[in-house]
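Quick note, the sequences are listed as chains Z and Y, same order.
Mapping the first sequence onto this note's numbering, position 124 (from 1) lands on 124, and the numbers just tick up by one.
Mapping the second sequence onto this note's numbering, position 113 (from 1) lands on 113, and the numbers just tick up by one.
Keep in mind that the hints are not guaranteed to be accurate.
Remember, identical chains collapse to one label, so a pair may be satisfied in a single copy or spanning two.
Said to hold, decoys possible - Straight line, CA to CA, 20 Å or less: simulated SDA-like cross-link-like pairs of lysine to any residue:
{"no.": "1", "residue 1": "Lys42", "residue 2": "Val76"}
{"no.": "2", "residue 1": "Lys45", "residue 2": "Gly64"}
{"no.": "3", "residue 1": "Lys100", "residue 2": "Gln35"}
{"no.": "4", "residue 1": "Lys88", "residue 2": "Thr43"}
Simulated from the structure, these hints should not be mistaken for lab results.
Here the structure is a predicted model, which means the values were calculated and not measured.
2 protein chains.
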Amino acid sequence: MTNADAIYDASTDNKPASCSAPTCAPITREPLSEQSAQQLAKTLKALADPTRLRLLSIIGAHQGGEVCACDLTGPVGLSQPTVSHHLKILVDAGLISRDKRGVWAYYAVIPDSLEAIAAVLTARRLEPA
Amino acid sequence: MTNADAIYDASTDNKPASCSAPTCAPITREPLSEQSAQQLAKTLKALADPTRLRLLSIIGAHQGGEVCACDLTGPVGLSQPTVSHHLKILVDAGLISRDKRGVWAYYAVIPDSLEAIAAVLTARRLEPA
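So here's chain Z without its partners, still in its complex pose (with noise of 0.2 Å):
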């Protein structure tokens, strides 16, 4: 058994305390269930969306980890309001956090949840950089 088949054989408990995605098993390593195809689509549909995508990614590359809202409408040239409805999108797929203080919202992205759909597209091992 190799280190990969110890973390995602889903006949154990030994799943990573990182794993927040619907199935931590690769999905080329057995036949994904309706529900867990159905849950994993929901996150994936949030991911894919070029605003999104890059907003995520400005947010994840931002020094410090956390931006404010204010400073999301000019990299990607779009008014406050689609903005923020792209960040509900990415809140609610648990894919950043938000924290209200005064009067603007920052985010920030939870790593645990990009590397949990990485795990689960790939039957390679995960390691830290």
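Starting from the structure of chain Z, add chain Y where the hints point.
Relative to the frame of chain Z, chain Y by itself:
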């Protein structure tokens, strides 16, 4: 510089040979360009459907790695034309390959395609299982 930096640093030509995603730099390492975001969103849209995720999973988990189209309608409970429609989207997105032999087409997951998407989503290093 970590190994991951060596793999992903956009300033070098050390991108892995398997890199077929729109960008090989993790989206949280540096902000995605508009063009890269559009290409990545297109691939994720192809993935973001429960039936396509199940088809991809069934094909990927199949012993031998190749599945006849005739064996895919039963597991997902859909008609042959509907299954063919979804398979075409996965082929067009570069996620599975199609090999017509005689009456039937045979499908196989292109492993590096999923791994490239996973690498873009996470800053962690992917290692063989």
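We went through each hint and held it up to the structure:
1. Lys42 x Val76: Between copies only: 18 Å across, 24 Å inside.
2. Lys45 x Gly64: For Lys45 and Gly64, the Cα distance exceeds 20 Å both inside one copy (27 Å) and across copies (30 Å).
3. Lys100 x Gln35: Intra 33 Å, inter 31 Å, cutoff 20 Å: neither.
4. Lys88 x Thr43: This pair counts as within: shortest intra-copy Cα distance 13 Å, inter-copy 22 Å.
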